[in-house]
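Peer 1: Spelled out from the first residue to the last, the chains are:
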Amino acid sequence: MQAVSPILSVQNLRRDFKMGDEIVHALRGVSFDIYPGEFVTIMGTSGSGKSTMLNILGCMDRPTSGHYILDGQHTETLKRDALARIRSQKLGFVFQSYNLLSRTTAIENVELPLLYNSKISAEERHHRAIEALKMVGLESRMNHLPNQLSGGQQQRVAIARALVNDPVIILADEATGNLDTRTSYEIMMIFQELHSQGKTIAFVTHEPDIATFSGRTITLRDGLLKKDVINEKVQNAKVAFEMLPPPETFEDDDEGEVE
Amino acid sequence: MNPFTLAKIALRALFRNRMRTFLSVLGIVIGVAAVITMVAMGEGSKKSIKEQMTAMGTNAITIMPNQSRRGGVQTESTEMLEEEDVIAIRENATYINGVSPMVTVGGQAIVGNNNSPTTLSGVSADYLKIRNYEIEDGVMFDDEADRMSKVCVIGQTVVKNLFADENPIGKTIRYKSIPLKVIGTLKAKGSGDFGQDQDDVIFTPYQTVMRRFSATTNIRQIYANSIGEGYAAKATEEIMTILKERRNWTKPTDPFRVFTQEEMIQMVTSTSDMLSLVLTAIAGISLFVGGIGIMNIMYVSVTERTKEIGLRMAIGARGRDILLQFLFESVIISLLGGAIGIALGIAASETVKLAMNWPMSVSVTSVIVSFGVCFATGVFFGWYPARKASRLDPIEALRFE
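Chain order of the listed sequences is A and B. Counted the way the numbering used here counts, the first sequence spans residues -15 to 243. Counted the way the numbering used here counts, the second sequence spans residues 7 to 407.
Worth flagging that the hints you see were computed from the coordinates, not collected in a lab. Take the hints with a grain of salt, since some may be wrong.
[As the list claims (entries may be wrong)] Sample of chain B residues at the chain A side, in silico, Cβ under 10 Å:
1) Ala94
2) Arg217
3) Gly325
4) Ala354
5) Glu356
6) Pro400
Where is the CB? At the ideal position from N, CA and C, for every residue including glycine.
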């Protein structure tokens, strides 16, 4: 696996923030590579720099110094619009609070990233959105609005939205943070399924439990890389799910949507 | 993103906030309707004045003393017109086929218990031709035979006021205690909407007025008729020359002012132009206020949808895409308001025309310009909120609650 070139490479990445007179060093020189087909969790407590790292990996922020090479392209020096193009064509985001557009159907939410790619026709957009919804098992709910879906279903729509532009890497930010354990495991099943199909995934979480579903865990602390370990025993989310005690309520009413 | 998709997104967002959209649109509707109606009023009155002036005779030329005034104070003695000027023009001018002085006396015409507050106009027989009047019944007085005689020719309004159903010919009216015998009546010309009633006239020989009523030799105005439409300029030049020669005039300033009917129309309508400009400007202010309403609502909308903007940016929207999305919203509001406002303005103009019999004329130019101004309003007032949206930081925006 290490013979191929990395899909994502960060080298001595630093990020400073000015907070009044003080300079906060959120990242103090972090380096790692992620290879195609890897499922990596990035762990760390609050203040470890993992959110800053994710923002940079997601091309929404630029490092103060160091390099970030995504799919062979240096991104440190790119302008706003060029970064937007990378986000549109190479990245897929899954957020903690789903961030679906309210009063917009599931399929339209999934189509959204493709709207910002003028090369894709309306028919192709529709076709690809249906394919993405099929991958998360929600094609039967494609005309439902977010408030007609459970939290788990909303997150699955969000995952479909992250898949629809066929990104080189999917970035998930605490994607199970708003969900109960059962639903979290269901979501992890989907991520494992995507991983088995060859997708590259970087999953930020602070729950050690979730990290056991991934093949590799990078731990950050105080802006530095603390650990980078390969998980020898990857837990199967499907098995873990089946071992959970049966639910008391059938479906959660968790709702989170963009208002 | 293609314009069709942008329009769809914008329309959906506007539809979601129906009441808010309606109120913003209403601001523009009121502004545009006001502009359209005010312009229609201005254009209508201008048109009506023009029609009246044309009805007065297209070849008419007006001669008046040139009063040089500075700050309301007469700085030089004014050269007055005299009867000899009329005679000189009649005898010497070649581009003129009719000339008449105009001397007036204010007062009341009385017959029995009836009265008519009509100005008595002293003119010569040519006046009918110059002003497009025609005799309905009886005859016009003759300049030579009826010189200074106590006769008059009256318009239909005066007939109505003084004689009701009787035939006025041969009857006598009293004007300032002087009896005048009615020898003719004029055909109705119809009244103008803003100008004077052209049928509310009493004509008598000008010498009668000058000798019997006002005991003056000065003439306020002289009217002449050029021989054809193309000769007005030549005729005015010729008249000026005759008037100057008679006085051996050497001063650089002209002693009189000579206007063609075209120039008179311009003079009269310039006041109404000014008025309609002021009215339109006031209406324009309400359109401006409507624009501010759009700007306000767009700012609210941008703030409210910060998280949506953050999401759109995170999944690949460029600043430009966000800018256009919000700009489309404001332009749709303003164009919608414009379209409804134009329809409402036209309807209001037609209603005023029918209900109050005012001359209203909706100009195509005002409709096109209004629509253009609406578009510009949408872009102008939508620009800053849209730019604010487009410059949001995606990370900050996503975190916004």
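Peer 1: Next step is simple, just say for each hint if it's right about the structure.
Peer 2: Consistency of the hints with the structure:
Annotation: Ala94/B was flagged as interfacial toward chain A, and the flag is violated, the nearest CB pair being 83 Å apart, outside 10 Å. Annotation: Arg217/B was flagged as interfacial toward chain A, and the flag is violated, the nearest CB pair being 90 Å apart, outside 10 Å. Contact between Gly325/B and chain A, as hinted, is supported at the beta carbon level, the nearest pair being about 6 Å apart and thus within 10 Å. Hint status for Ala354/B relative to chain A: violated, with the closest Cβ pair at about 37 Å, above 10 Å.
Annotation: Glu356/B was flagged as interfacial toward chain A, and the flag is violated, the nearest CB pair being 41 Å apart, outside 10 Å. Here the hint on Pro400/B is kept, as its CB sits about 5 Å from the closest CB of chain A, short of 10 Å.
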